[in-house]
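Asker: With chain A fixed as given, assemble chains B and C onto it according to the hints.
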Amino acid sequence: MTALLSVSDLRKAYSGVHALDSVSFEVAAGSITGLIGPNGSGKSTAIDCISGFQKLDGGKVVLAGTDITGKPAHLIARAGLMRTFQTVRIYERLSLRDNLAIAAQQFDQATWIDEFFRTRRYRDAVEQSEQRAAELVDLIGLRKYYEIETGILSYGQKKLVALAAALMPHPRIVVLDEPVAGVNPSRIREIEVALQQLNRAGETFLIVEHNVEFITNLCHQVIVLEQGRKLTEGTAAAIHTDARVLEAYLGMTPEMAEAEMRGAA
Amino acid sequence: MKLLLALLGALAFAALPLVTSSNYIIGVGISALIFTVAAAALNLVYGFTGLLSFAQLGFWGIGGYATTLTVMTFGGNFWLGVVYAALLNAALALVIGYPILRTNRHAFVISTLTFALLVALIARDWVTLTRGPLGIPNIPRPQAFGFAFETTPSFYWVAWAFSVATIGFLYALCSSRIGRTLIAIKQNEPLVRAQGISPMPYKLASFAIGAAITGAAGGVFAFHLRVIDPGFLDFYYMQTFLIIVIIGGAGSFWGVIAAGIALSALPEALRFSADFRMIIYGVILVAAMFVMPTGVAGWLRERKIARMRQALQ
Amino acid sequence: MTIDAVYLLQLTLNGIALGLLYALIAVGLSLIFGVMEIINFAHGELLMLGAFAMCFALPVMGLLYWPAMATAIVATMLAGFVIYEGLLVRLKPDEFERSILITLGLSIIIIHVMQYLFTATPRMVDSQYGFDGVEIGAIRITWTRVIGAAAAVAAFAGLYLVLRYTQFGRAMRAIAQNRDAALMVGIRPRVVARNAVILAAGLCGLAGAAISPIQLVTPYMGQFLIFKAFALVIIGGLGNIPGAVVAAIGLGLVESWIGGFFEIAWQEAAVFVIMIAVLFLRPDGLFKRGGMRVG
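Protein chains in written order, with our numbering: chain A, 1 to 265; chain B, 266 to 578; chain C, 579 to 873.
Only chain A is shown next, with the shape it has when bound in the complex (with noise of 0.2 Å):
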């Protein structure tokens, strides 16, 4: 597999502290990639150099060829990549209908000429976005709320929302900023079942998250961030017996680990 994504030597520092120290890492196309560490190890900093939300001091990020560095966030995400945010970002009182239509309309080609005189062109892109939103909301449950205001749907529902927006324009690359982090955990398991749907199809994704579970049981490649570097990088089964993630991330040895794991099964 080819890189779609690959982030190299990216450097950011707040007034002195290093919050990034040259971190590079590759994510694969059609791959799903996590990505790991403890709080403040520059997880949510990365993806926010790479997404153009924050300025990065140095390095060099390109999605499929294409050099995104430094970009304004708007032009990165034209270029291919959709982001989710920690803390869910939605429009809370717009209709989950429009919710996912703006997600997608930058990316046809009709103009608001073409909207006035109501064109062939526009109605195909309108009909076009009702489609893929049709399938994405039926993929994350939420039909039933289709026509109403997002802002009634409990936390959990609105993660969801936020994936289906970022999926709407069938981006290269998505990239989610802790998916999980405050699901109901009944629900994670169906966000794990739509993402591998996703990624079975065709999506990459690249997963900030917490929840070692969710990122053992859908990564295939995860990276391991502490203190702003990189510390290991491997696979899901690799990663999880590796005594240097265990005690950065866990602060635990590998015999504690297992331990744990033997008391949870």
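Since the hints were derived computationally from the structure, they do not count as laboratory data.
Cβ pair distances, simulated, as ranges: (1) B:N403 <-> A:E147: 52 to 60 Å; (2) B:P466 <-> A:A201: 29 to 37 Å; (3) A:V17 <-> C:I792: 45 to 53 Å.
Calculated cross-link-like contacts (lysine-lysine; reagent style DSSO-like; alpha-carbon spacing at most 30 Å): (4) B:K569 <-> A:K158; (5) C:K670 <-> B:K569; (6) A:K158 <-> C:K670.
Keep in mind that this is a model prediction, so the values were computed, not measured.
Note that the Cβ used here is the ideal one computed from N, Cα and C, for glycine as well.
Answerer: Coordinates of chains B and C only, in the frame set by chain A:
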């Protein structure tokens, strides 16, 4: 349904000069129409895009002076004057909009306010152009195809046609994808950016269109008053537009239109003294911000959502 | 035009006196913004109330300047207390637009109630100092201006000490710098915000009292000054107190110099032109906001 009602309302308004011969009542009708247009423009900028702009007052004044001066000084006619007023305001809004939209929202509000005051100062002090505090009296009524809109009822139709056209335009804009995007920017700007949309052109466009329409409305209003002086830039106008938008419900298109008609007619009907009217306005503004901060339309909408929520449980 | 050194010095001194009065208003605005993140549109009306209080207190006190000024300050502080407990206390942080509309409504009410009660006729205020002045060589400045400036300087010194060394000043700075952290260490934002509003109102009352013998007192006097103060707060950087002071004194000087040589229109327009220029070059104001630093 709403459109049908709006159409019926517009037609009913067109009939006002047929049911009354009182120039006073027709004059109140003209003010109501023009204030409603200006409030709808402010609603586009504040209600939809979320930019609390006091610059509307400046645009209103520039529009009034530009239209008047086109006729009185530069030998043009009223119709051209209104178009010039709109174009001049749009251009100005782009020029000042760009730097102040880059600042934070706190600075934006204050900058728009100071712009409005600067315009008022210029109107007072650039005597060679505006004749200063003396003002420009005896503004003639407009003409078209040999017909002079000399009487108040005939000018009423000019104001009516103007407001129906601009409100129609604003409605088309607000209910389009552009309008939807403006609401999205107001609600969650980072998300808009994450979805590939650059907020700046939308904000600038909204600010400039709002300025153009406010300016044109100011032009028509100056020809209704038939005199213009620095009092045209009194803060009273800004307060009126704001109160209409707040009471109607910022972001609710028809709510603001309805509030515009109701609120500009009411004080006239009750014949309050100027001071007393302002006190009432102030009390309404403060009370509305506490009792129903989203206006009448927002209040109705919240009740609807509460019902929906209950139905879903 | 020949520039006369004495005339220039006179303009400069007048400018500093004027700038200090602007600073009193702008600092109050900055203080409230720093602690509550709101802009108080009714701030100019506090100044007007201060001026009216001075205007009514002076004859009662037999034209004695200092007791009347103290009355004015106490009166505006009381008004600030009422405004905070009645209206502002209900605002949550980050309700900026709402705060503007509420205080704007309040400002409309205060102005028109005052006009209704006392009419719009401008009032002259006479004090024990009358129009006497101090003469240094060829320069002449009225006592009321000198005292106004001195009172302002004293007020700033007092403010500095309060912010720097008292418990309540430290609490205000803490909230301005990091709200969440301040809440965690047990600072009560309601008390701090109330104190900040009262303090800002007191500064405004002082400004109103000091200005009343110099300018005519009308219900609208606050509006003209407050708009300038808004611009100053923007120029100096929102929430930045020293920035506001520097910008205010700078503006006083610029206005005084321009007023000395050009038409008055330019003097009035200067502040707006400066503000637009500053925003073009530095969108965050001349002095970026770094919490509420006092030195």
